[in-house]
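**Student:** Residue numbers (numbering that gives the first Met the number 0), protein chains in the order written: chain A, 0 to 291; chain B, 0 to 291; chain C, 0 to 291; chain D, 0 to 291; chain E, 0 to 291; chain F, 0 to 291.
Just so you know, the hints here were simulated from the structure itself, not pulled from any lab data.
Just so you know, not all the hints are guaranteed correct.
Stated by the list, open to error - Dumping the calculated DSSO-like pairs for lysine-lysine here, alpha-carbon to alpha-carbon at most 30 Å:
| id | chain 1 | residue 1 | chain 2 | residue 2 |
| --- | --- | --- | --- | --- |
| 1 | D | K72 | C | K15 |
| 2 | D | K72 | E | K130 |
| 3 | B | K158 | F | K158 |
| 4 | F | K75 | A | K68 |
| 5 | D | K75 | E | K68 |
| 6 | E | K109 | F | K14 |
Number of protein chains: 6
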Amino acid sequence: MDVSESFGEMLPWLKKYQEAVIVIKVGGHAMVDPAARSSMIKDIVTLKYLGARPVIVHGGGPEIDAMMKRMGKTPKFVSGLRVTDEETLEIVRMVLVGNVSADICSLISKHGGNGVGMVGSDGDLIVARRKAPEKAVIDGKETEVDFGWVGETVRINPKILNILMENEYIPVISPIGYDAEGNCLNLNADTAAGDIAAAINARSLVSLTDVDGVMMDPSKKETLLSQLNIAQCYDLIEKGVISKGMIPKILSSISVVKSGIQSVHIINGNIPHALLQELLTDKGIGTCITKE
Amino acid sequence: MDVSESFGEMLPWLKKYQEAVIVIKVGGHAMVDPAARSSMIKDIVTLKYLGARPVIVHGGGPEIDAMMKRMGKTPKFVSGLRVTDEETLEIVRMVLVGNVSADICSLISKHGGNGVGMVGSDGDLIVARRKAPEKAVIDGKETEVDFGWVGETVRINPKILNILMENEYIPVISPIGYDAEGNCLNLNADTAAGDIAAAINARSLVSLTDVDGVMMDPSKKETLLSQLNIAQCYDLIEKGVISKGMIPKILSSISVVKSGIQSVHIINGNIPHALLQELLTDKGIGTCITKE
Amino acid sequence: MDVSESFGEMLPWLKKYQEAVIVIKVGGHAMVDPAARSSMIKDIVTLKYLGARPVIVHGGGPEIDAMMKRMGKTPKFVSGLRVTDEETLEIVRMVLVGNVSADICSLISKHGGNGVGMVGSDGDLIVARRKAPEKAVIDGKETEVDFGWVGETVRINPKILNILMENEYIPVISPIGYDAEGNCLNLNADTAAGDIAAAINARSLVSLTDVDGVMMDPSKKETLLSQLNIAQCYDLIEKGVISKGMIPKILSSISVVKSGIQSVHIINGNIPHALLQELLTDKGIGTCITKE
Amino acid sequence: MDVSESFGEMLPWLKKYQEAVIVIKVGGHAMVDPAARSSMIKDIVTLKYLGARPVIVHGGGPEIDAMMKRMGKTPKFVSGLRVTDEETLEIVRMVLVGNVSADICSLISKHGGNGVGMVGSDGDLIVARRKAPEKAVIDGKETEVDFGWVGETVRINPKILNILMENEYIPVISPIGYDAEGNCLNLNADTAAGDIAAAINARSLVSLTDVDGVMMDPSKKETLLSQLNIAQCYDLIEKGVISKGMIPKILSSISVVKSGIQSVHIINGNIPHALLQELLTDKGIGTCITKE
Amino acid sequence: MDVSESFGEMLPWLKKYQEAVIVIKVGGHAMVDPAARSSMIKDIVTLKYLGARPVIVHGGGPEIDAMMKRMGKTPKFVSGLRVTDEETLEIVRMVLVGNVSADICSLISKHGGNGVGMVGSDGDLIVARRKAPEKAVIDGKETEVDFGWVGETVRINPKILNILMENEYIPVISPIGYDAEGNCLNLNADTAAGDIAAAINARSLVSLTDVDGVMMDPSKKETLLSQLNIAQCYDLIEKGVISKGMIPKILSSISVVKSGIQSVHIINGNIPHALLQELLTDKGIGTCITKE
Amino acid sequence: MDVSESFGEMLPWLKKYQEAVIVIKVGGHAMVDPAARSSMIKDIVTLKYLGARPVIVHGGGPEIDAMMKRMGKTPKFVSGLRVTDEETLEIVRMVLVGNVSADICSLISKHGGNGVGMVGSDGDLIVARRKAPEKAVIDGKETEVDFGWVGETVRINPKILNILMENEYIPVISPIGYDAEGNCLNLNADTAAGDIAAAINARSLVSLTDVDGVMMDPSKKETLLSQLNIAQCYDLIEKGVISKGMIPKILSSISVVKSGIQSVHIINGNIPHALLQELLTDKGIGTCITKE
């Protein structure tokens with residue numbers, strides 16, 4: 000496809016995403032390489048100029064782990080959640096807000112956009128509550144696990160996001176919530192992204208990960224499934240095609256789609272311009288999950 | 000260049016034309032082929048969705064000539080202007096407003112945009128006066144020529160254009176002016192486009208013609224000059240590189256640039272997606288004329 | 000009645016029509032005389048300054064017939080509709096939009112108002128579909144008639160009209176619609192006026208014709224019926240008082256009144272200041288049709 | 000002139016006064032007859048519906064005198080100003096605000112408009128200061144006269160008037176000012192009307208009096224002078240045509256016109272529809288004073 | 000409580016009344032002393048600056064009685080209502096509007112606020128009807144009493160109040176209504192305050208009287224009841240604790256609370272800063288009546 | 000002073016600070032005690048509800064030092080500035096943004112306000128450049144000191160602050176700037192507060208420190224100087240009354256006052272309600288510096 004052709008084919012995509020709110024979950028392993036990170040943010044700024052309204056929700060697992068190690072602490076996970084004691088919480092907040100978020104805002108600024116970092120206490124954005132202890136099997140024994148300062152979303156107050164978007168800013172949200180007593184809580188970034196998307200009536204939620212999407216045979220890129228509906232997802236889980244770490248991702252995507260978001264996209268953030276290719280081409284580049 | 004690359008490189012162009020008013024002069028021989036016409040209009044709608052504010056000014060020479068012939072009249076030109084008697088004026092207005100403009104609006108609508116046809120009397124858009132007779136050499140003899148109902152712009156009232164653009168409409172203007180007595184006047188489309196561009200503080204004026212631009216050697220496409228400033232234009236006229244029909248085009252472009260418009264672009268409307276290639280790529284596809 | 004008295008008695012009428020949208024159907028035989036046309040438009044501008052919001056819908060039968068003759072074509076009507084082949088459609092559009100509408104706008108401008116010409120494709124104003132062929136008796140034989148490019152309104156998008164009215168412009172609408180494929184369609188001006196009136200919640204629809212209204216005895220002006228409700232209309236049709244060409248006019252008025260418009264007025268556009276006399280005096284000058 | 004003619008001739012007047020602020024000074028002897036008062040207010044409401052923005056400033060001399068007599072006090076005037084002791088001031092305020100103004104508002108309401116009574120303390124509308132004592136000849140002797148609570152305008156704060164006019168209300172102003180200490184002051188209604196007209200950039204000031212205007216021979220109505228400029232006024236004063244009580248009226252009108260108001264009109268409020276006849280006809284009914 | 004403590008405790012009160020509309024009924028015996036009156040108005044201006052939206056409704060019984068005596072008339076009351084003949088009505092209006100209201104506006108202005116005096120005819124604020132004659136026992140005989148120009152509220156049009164409050168003005172309302180024929184009517188100030196509070200969705204109605212509130216033993220200040228709900232009110236009336244003149248006040252408060260106002264406060268206007276103490280402290284200073 | 004008196008005397012202060020932007024610099028040693036910090040933030044929220052527009056700029060020296068120690072690094076200062084290597088910068092940003100700012104926002108939320116944390120890259124708020132190396136005497140030797148990632152303000156873009164304040168949010172700013180290449184820079188909080196105050200036309204800048212203000216004799220609280228103008232400041236420096244660490248504070252205050260801010264206040268954040276006592280009482284509680 001040459002340039003004139005690609006220009007000529009843009010119109011339907013532009014129409015589709017005009018003024019559409021797109022929540023983009025970035026972070027984790029897809030953000031480690033500085034060049035890839037910068038390119039990813041550039042694509043988000045491009046999306047903004049193309050007429051969409053991107054909202055970024057970021058994680059920061061690798062960065063938090065690194066900082067904990069520097070401070071002599073060992074990260075601890077149960078059921079995929081970081082057990083968060085007082086000191087860990089402090090590190091999580093410092094790294095996410097003071098490091099990852101501020102870095103994303105500075106990259107947005109560098110590429111000509113205007114980002115604004117947000118945390119749960121900004122304009123009461125994310126009201127959360129502490130997660131109740133859960134039974135889990137650790138080292139073969141069922142144990143009741145207290146996750147510490149891990150939280151669950153109670154309510155999203157989207158007002159500040161709407162004000163920022165109307166004024167052409169790109170909100171950059173760290174998944175830190177606050178409970179009614181003002182206690183800070185560590186939230187799962189994927190879940191927070193889904194909650195925020197639902198609260199602001201987003202059109203789509205894009206998850207920039209380090210996998211290419213759902214594949215019939217993970218070793219063969221050409222077996223990538225571009226489009227799945229809820230029924231197909233359940234079917235593939237049953238058949239074992241979707242397995243292991245991909246299962247919670249897909250289950251969470253299904254729940255987001257059920258909440259009214261038109262599409263959830265799982266794409267590989269390490270592919271150059273993955274975001275634009277997924278949203279602005281017919282075939283896309285990852286897996287798009289829709290209701291029907 | 001593949002699609003991801005082309006999207007990935009769009010950001011500087013998007014920034015450049017964001018909310019920029021672009022006056023696009025279409026028509027004449029560049030509009031005769033229906034497919035080319037439709038594609039051209041599609042590009043203008045794409046430009047609108049990319050964030051620019053296009054305003055179309057159209058001509059309609061071939062269509063007017065055809066209609067005159069059908070009605071048994073012979074078109075007559077002196078110094079490049081159509082001598083316009085009462086009956087010709089009626090035909091000019093009918094063809095431009097009732098035919099060309101309405102057709103462009105319908106194509107805009109078909110491609111998902113919203114056009115609104117405008118003529119000089121709409122909201123007093125173009126106040127004009129009758130052109131004074133001029134001396135010209137006809138058949139070897141100097142004669143005083145009365146051009147009839149040919150007019151010159153006196154004043155543009157851009158209010159209606161601004162209202163339409165703020166409401167996301169694409170104005171489509173037929174070059175018909177009105178004098179203080181309510182007489183209709185036939186205007187030159189190129190001149191009218193320049194006058195309108197100046198009155199609405201357009202960023203650029205693009206002229207969709209049937210030539211590729213200014214070439215050192217018109218027979219060799221590779222000698223196209225992508226960028227010219229005013230001084231270079233005068234120099235090329237003196238050297239004879241710019242000659243014949245291209246001279247008035249360039250002189251008019253110089254005058255537009257002098258009125259404060261940042262760039263005038265002469266491109267070939269028959270090249271697919273010429274408009275987008277000219278405005279959204281580094282090299283462009285035609286000739287861009289700037290002040291310095 | 001002297002001037003002070005007439006001013007002194009205006010208040011109830013001013014209150015009645017303040018910010019009221021009034022659709023005025025002009026054209027056909029009531030528009031042929033230039034002085035009458037100019038005076039009619041002046042009254043509409045006066046109405047605007049008095050606080051009402053006039054919207055003009057015009058026809059142009061005599062002008063189209065004249066142009067067809069000049070181009071060697073014979074107008075053809077079946078069941079009161081113009082059979083519209085490709086060439087006729089082109090002439091209809093050119094004459095209505097390029098001639099009649101532009102002329103009305105120029106007269107509005109001359110009298111100090113601001114008109115804006117509109118056609119169905121402007122802001123997707125009139126979405127139409129092609130009328131299905133109908134059985135009709137021609138020369139004594141029942142024949143299926145294909146009316147060609149004659150259309151029926153599918154949907155009116157009033158947004159552009161509201162924007163123009165809020166900005167103090169007078170919309171001037173040519174009854175040309177467009178179907179989903181972008182095909183142009185010739186609409187009946189009376190029907191279009193009714194459809195538009197309903198879509199913009201007009202208070203009244205005024206039809207400027209060349210008859211004085213409904214008369215008990217058409218030869219006696221003093222038998223004019225100033226006020227009729229739906230029941231009375233049906234009764235007069237049954238009794239034969241309303242007959243021939245007046246029947247479709249009255250039936251169409253009934254349907255407009257049923258759609259929620261408060262009053263339909265049939266007045267003689269050739270009477271000086273007929274419009275103002277009908278709307279701003281107690282007795283009126285033509286026939287006013289209301290629901291009850 | 001029949002009704003259709005009068006309607007036909009309204010347009011230029013409507014254009015002239017569209018959104019024009021017209022300060023109307025009513026009161027004194029022109030307001031005594033209830034029917035005339037009601038008709039005068041009806042005309043003002045008509046003017047509002049015709050598109051102008053009327054502001055009423057009223058006096059109330061006869062009503063104040065009557066109330067003073069009922070309360071056993073004798074009105075006292077020096078140099079045309081009411082000497083205002085504490086008790087008189089109380090009566091002046093009660094009669095103007097509680098009686099005349101409230102009555103005008105109720106008449107406006109009755110005729111379908113919305114009036115709002117205003118006094119100098121409302122939104123700090125009229126900041127005034129106490130008039131210094133002046134030398135005057137009383138009973139043949141030069142005496143220094145302390146006018147008591149008589150005030151002079153220091154500053155008009157037009158904000159509240161603009162808010163009311165934008166919301167379609169008709170302000171009705173009693174000429175009562177307040178000084179910095181909160182003391183109430185009795186102002187001359189004519190002077191206050193002029194000060195207010197200047198502060199709100201009124202187009203015209205109309206004074207509804209009980210005389211027909213300036214006449215060459217006061218006994219002959221046909222010698223009324225419809226139009227005077229400043230130079231002519233001075234000339235007529237010198238020639239003695241303008242004399243006695245008319246002199247201060249004319250001098251005050253001159254000063255208003257000099258402050259930038261386009262025209263001052265002196266008309267007889269007892270003539271039916273005098274206001275509309277003066278403002279909406281070519282000849283007018285009283286005397287109009289302009290700069291040149 | 001020292002100053003820093005009192006500052007420190009303000010926050011909950013500020014939150015409570017932020018943008019809350021508070022109707023304050025002043026007048027009668029609580030307004031007679033000039034220093035107390037000025038202090039009361041200063042508190043209302045303070046309340047405005049603290050973020051609330053005060054609306055003043057005033058009475059003026061003592062001032063009306065005094066004026067009637069000066070004019071040789073004897074006030075006459077039946078069932079607590081002033082029998083209002085034509086002349087009394089004139090005095091009532093003059094005193095309330097021209098005297099009391101104007102005085103309050105001037106005090107507001109002196110303390111740095113912006114008041115605007117309002118009467119029922121201003122923007123059709125209070126539409127009323129004449130009260131029907133009622134049977135009453137006078138001098139031991141049941142008589143039908145015609146109260147004259149005493150009115151009852153039919154409808155409040157709050158638009159003008161909302162416009163004024165949005166523009167930071169404090170409306171000052173005299174309880175004078177107007178019927179459909181434009182007749183002026185004397186309203187009970189307490190009732191009018193309640194009607195207005197309901198129409199503008201006030202949060203609270205504060206009645207500044209000359210009693211301290213409801214007391215178990217009126218001779219002992221310490222028996223003041225700070226908080227009463229509807230049930231308690233009825234109970235206290237039954238037990239005779241609420242008796243005589245307090246009964247109508249409490250019944251009227253109950254009806255206001257039932258109409259949706261959150262609280263009615265009866266406080267003693269002669270206590271310095273009674274208004275602020277009641278609204279901005281935990282204990283208050285008078286009696287607060289709520290639904291439950 | 001009892002509560003009614005304190006409320007009764009608030010009006011002049013309310014007027015003074017109504018809609019006034021107040022920049023409050025908090026942090027350092029005045030923020031260490033959690034109860035004092037919470038009380039300080041509560042006062043700021045109170046100020047917001049009283050009608051002012053507070054903007055918080057915070058430091059975090061002690062918190063940064065503590066974190067550095069935990070990570071095994073030794074803080075290093077030259078000329079009062081923290082020498083900031085790559086790793087220190089990361090810690091500074093994490094602690095300020097991720098810890099101090101987020102904590103302040105959560106306290107604001109707890110007290111019923113809405114804070115929004117801001118850093119220099121948010122909406123390009125603080126554009127800075129790296130501070131050039133400076134000569135300084137270290138251990139008795141003149142050395143050129145490279146401060147590392149310490150920055151100086153180049154430009155403040157107040158747009159995002161204005162949007163937040165108009166929407167009733169309290170901006171909480173960490174003194175972190177960004178240069179044109181997107182590098183993060185550590186700014187001095189006092190200087191940043193002054194720069195921001197100037198850029199948003201603040202009325203006052205309040206510095207919450209751990210000293211009581213300027214005292215003639217620092218050991219005697221009663222020698223506190225409540226009010227100083229620029230000339231007096233210079234005089235006291237010369238006389239040695241202002242000495243040591245207070246000198247840069249006063250010099251910086253002088254420069255802020257010269258930039259157009261009406262007053263700079265140095266107060267002791269550990270005194271309960273110091274902020275409200277300083278701004279809302281006649282005498283204040285610390286030292287207020289003004290131009291003249």
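**Student:** Checking each numbered hint in turn, tell me which of them this model violates, lowest number first.
**Tutor:** 1 and 2
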